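Residues per chain are reported as follows:
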Amino acid sequence: MKFSVIVDALPYLLGAAVTTIWVSLLGVLLGQVIGVAVCVARQSGGRVANMAGGVYVSFFRGVPLLIQLLLIYYMLPLIGIDVPPLVASIAALGLASGAYVSEIYRGALNAVPHGQSEAALALGFPGSSIWTRILLPQAFRISVPALVNELILLLKASSLISVVGVAELTRTSQTISASNYRPLEIYLAAGLIYLAINGALALFGTLVERRLQQA
Amino acid sequence: MLDLSLLVQYGPALLRGFGVTILCWGAGCLIGMALGFVLMLLRQVPVKPLRWIIRAYIEVIRGTPFLIQLFLLYSGGPSIGLRLEATTAGILGLGIYGSAYFAEIFRAGYQAVPKGQVEAALSLGMSYGSILRRVIVPAMLVSTIPAIVNMMAILTKETVVLSIITVPELMYEMQTMAAETFATFETILGMALFYWLLVEVVSRLGRRLETRVTRFLTHASPQGSSSETATARA
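Chain order of the listed sequences is E and H. Counting from 1, one number per residue, gives the positions in the first sequence under the working numbering. Counting from 1, one number per residue, gives the positions in the second sequence under the working numbering.
Think of the hints as simulated: they come from the structure by calculation, not from any bench. Take every hint as true, because none was put in to throw you off.
According to the in silico footprint, chain H covers these stretches of chain E (three or more CB under 8 Å from chain H):
1. 51-63
2. 66-77
3. 161-173
4. 189-203
Interface residues of chain H toward chain E, partial, derived using beta-carbon atoms under 7 Å:
5. G63
6. T64
7. I68
8. F71
9. L72
10. G76
11. K157
12. V160
13. T184
14. F185
15. I188
16. A192
17. Y195
18. W196
19. V199
Label-pair distances were calculated between CB atoms; the ranges are:
20. E:P126 - H:L42: 52 to 60 Å
21. H:V8 - E:L192: 46 to 54 Å
22. E:G107 - H:Y57: 27 to 35 Å
23. E:D8 - H:G19: 40 to 48 Å
Computed from a predicted structure; not experimentally measured. Each residue gets a CB set at the ideal place from its N, CA and C atoms; glycine is no exception.
Required output: the full structure, derived from the provided sequences and hints.
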């Protein structure tokens, strides 16, 4: 063990960690949008929408993320869309996350009392504002712990996008350890950085949860 | 579309790869459960530092990506004299990764065993060993089956990551095939469908096992079965 190796590599690793963070955040945001859309479509759409949503959720939760990533990475050019690896990665993370998020919201919606949407209906709320004003805000609040957990899982899963060459934390550690032959120190440092980010996220989650409980 | 004669040519390699996948998965699950069980037991020992160490181990394993753990074991290992073959490193990596999750699952199961049962066993003069074997573990296994199956489904998906450290499992063989035939997209699509099926089968079997082992609980307790053995991230 030579700690000077870690000190030398630290600026690069931290820079790469920033990439990891914002790629994950974009993935989570995309996942939120897809997840909410799929959840709403499954709950209020017809049987076809429900079935299509079900297949989507089952596929993206059942297929390993690495394969999903390669699938998207190789499929987009085939249908004429040539995107950089970074975009394909964010799309893959978002699509995978969307499947989990839609299930999280489905669970949360079940916890919102039925009488609420009935009351809104009786007061003459149109269908769309029952969703945006009554159901989704409450579902969001209930699902905060699960969503923070999802963010942590996605951040860990983002290490897989190193495979398509995105220079995030894992890929950068690979590059550095390939040039200085110090994999032990470099991967240890990378692991600690992941741990620190996840610890911070978990703490943030607890704070948000406490805050929402007061309100 | 994929030329079917390729399947004849690459069939044996793919089958061998599938064998390695199953081996890694099975051995990884076993090591993970065994290690997780030991960790859970050690956590019950009332020695504070020991508990802290185990807690830290679990947090570190659960807070870092599986891929980083694999790199650390496979590439970093030789620096401290730990030279492992890819497949051995893969199995060990899966086992270590799984152990932290299994330890938490077992802990929840251990805490869910009604205290009265343990007290009753104690008052009957049973030793701790036989209380563990005859009272705690059976009850624990039944209540944690859904979580165990879920974790096993997750590990099925994690075996794919082993291809990155060149374990010659199914994904690795498939990527070789894709590189040699240029039928990249078709192979990956086939692979996606295959793993989808595999994970679905593992989950279904798990659900069946769950109904089977909990059937005597349906009248006795309201908690019963029917929890979702869905698949989680890998």
